[in-house]
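Residue numbers (my numbering), protein chains in the order written: chain W, 1 to 478; chain R, 1001 to 1220.
Think of the hints as simulated: they come from the structure by calculation, not from any bench. Any given hint might turn out to be false.
Stated by the list, open to error - Covered stretches of chain R (chain W as the covering partner; in silico rule of three or more C-beta atoms under 8 Å from a C-beta of chain W):
#	segment
1	1031 to 1045
2	1157 to 1168
What the hints assert, rightly or not - Some chain W residues near chain R, calculated using beta-carbon distances under 8 Å:
#	residue
3	L31
4	A33
5	A34
6	S160
7	F168
8	V180
The C-beta atom is built at its ideal place from N, Cα and C for all residues, glycine as well.
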Amino acid sequence: MIDPVVLVLLIPLAATALLAAIPNYRLGAALNAAACLATFGASVGLLLHRPAAGAYLLVDDLNVVFVVLNGFVAATTSLFSASYVGHELATGRLTPRHLRFYHAMFQLMLFGMNLALVANNIGLMWVAVELATLTTVLMVGLYRTPEALEAAWKYFILGSVGIALALFGTILVYLAARPVVGEGLDAMVWTTLLAHARDFDAPLLNIAFVFLLLGYGTKVGLVPLHAWLPDAHAEGPTPISAVLSGLLLNVALYALLRFKMLLAANPLALAPGPLMIALGLLTVLFAGVMLYRRRDVKRLFAYSSIEHMGIIVFAFGLAGPIGNFAGLLQMAMHSLTKSAIFFSVGHLAQVKGTQRIAEIGGVTETHPLLGWGLVAGVSAIVGLPPFGVFAAEFLVVTSAFAQHPLLAVGLVVGLLLAFGALLLRLTQVAFGAVRGPLQPVRASHLPMLAHLALVLVAGVWLPPPMVAWFQHVAELLG
Amino acid sequence: MHGLSFDIAHMLAGSLVLVSFLMLYQVRLTALLHVLALHALVLAASVAWQAHIQDAPHLYVTAAMALGFKALLIPWALRRIVFRLGIHREIETVGGIGLTMLGGMALVALSLQVMLPVTAMSDPVAREDIALALSVVLIGLLMMVTRRNAVSQVVGFLSLENGIILAATGARGMPLVVEISVAFSVLIAFIVVGIFLFRIRERFDTVDVGALDEVRGGRA
């Protein structure tokens, strides 16, 4: 029997080659979905059978959560994507040639993200994150409108700078490890690094972490390195907005967490907490304020993603069992909720033929299922009970109050700002006067409903095995 | 002998910083591309010297890649793009040359100040290399920030990558996987940029990123 970890990587890679060779877009969309589902199946297989860590690949309690989440969101997004691109083709915004490229890139991106998650070598992880980024750059520019090109260019330039800084940090980690572990491959293997991190040269490790935080932080979308994120979300195809928010930001953050664990294992190194708390808080507050002036609906939710990444980084900065638990839960909940919102928004923007908030109104009347899905999604994302995001944010805030009451006040202000802005826009879009075209849309509701159901269930009742799992991972994170 | 090999490594890495400064004040795109070629050439020499003193033959591959790909092929291709687009005249710089040069000097001082104390434990060759490499990286960043023209931003990015390769080769025994990946990423990056430049040319008749900003119009 083939190892599931190999399947998780091989299926997307094989699908990339296959989809690049298939000109028929219907077949392409179906194959894309099939490959995503198969990858999801393989990732679930990882829960049952876990291979031993090698010099290149590693599956442990931390990343298996992300691989499964990745597989699930990619699978639902591919279903959404199939109906989304059908509409784009019908309206002439995309041609079959574009779609062939798009589907191949979608799988290549999935391969890059999965490789980044299961890589045990910090060099390999870097390569994989870069691969995933480049594929998304190409997809953001897919429409070739001036706006899309601008967004892709900005994303490419900022992303490259970020990735370059991350590589510099990776080299510095190697330099710190070399005297202890010895030259060569071993000094880049994460498990070996973690085992010896205690003896590393602390100042070098500190500088390395600063570079890694700035480098991978650019990909996470932390203020002040976030400038690419709203454009990339707003101008690319909506399925890509969904995977950017739902998956790629998580992957970059995961890379950062791996290095944070190295730092935590070294008693002399600087505590990464305050740095992450400061950046996280800045991000939450900035995004909270910026949410008010958005006129483009996808841009609005892109800023909300920035805000949530801020909350998550803040939570991991607080650390401790509760902070880490909340961070992990928030990552999972945000990825499910935000992609559900983008599924709904994507179809709505297609019906209305615009992304301008002012031209979309009263969608709960005209498109009840999509409209109420959006209402549920936004209620979840702003942190209203009974959804899972509420539980996670509640944990972050209480944990912050316990540790630094003053910082918690800042966080709450940021959360309330975002709450107000998003609900304000939601009432306009969902319940306001009916605006824009009214024709029905051939939407696939299943992905959105599945995500929302999961978020709701997680908010009401987290299965005990999952709680235990998250707790265990939170302990690992230190 | 050790003293001499150290001095040569130091000199080559220092030259790379110097060539980075040369880039900062080029006002013509074609001249800038010539300096980019020189930058990669110095990098190739530096990497080859590291291969020699570390007795690491695989680094010669990296040096050859720097020479063939980054010193010849990329400048040549970029030059073609520049001529085809008819933008081989002046480039606008934001903030002026003098200020940019001062900024570059400050960045070099900063990187020496940051890196030398923390790498005190490492061997001296790696120590100097890393500090100088950081200078090259930061100057590359500065260039990307101060130039508005898309081609010169790409040049800034390539010089930044050169700095990272300098750091990677200075770290003794760093596995080859990284060097190949870096070279490979440059290749991909270049293809991406190439595609983008052509598409941008199609739509705007300009490669000035500032002009891209204008199309944003009423969007917020």
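Exercise. When the hints from earlier in the document are held up against this structure, which numbers fail?
Worked result: 1, 3, 4, 5, 8
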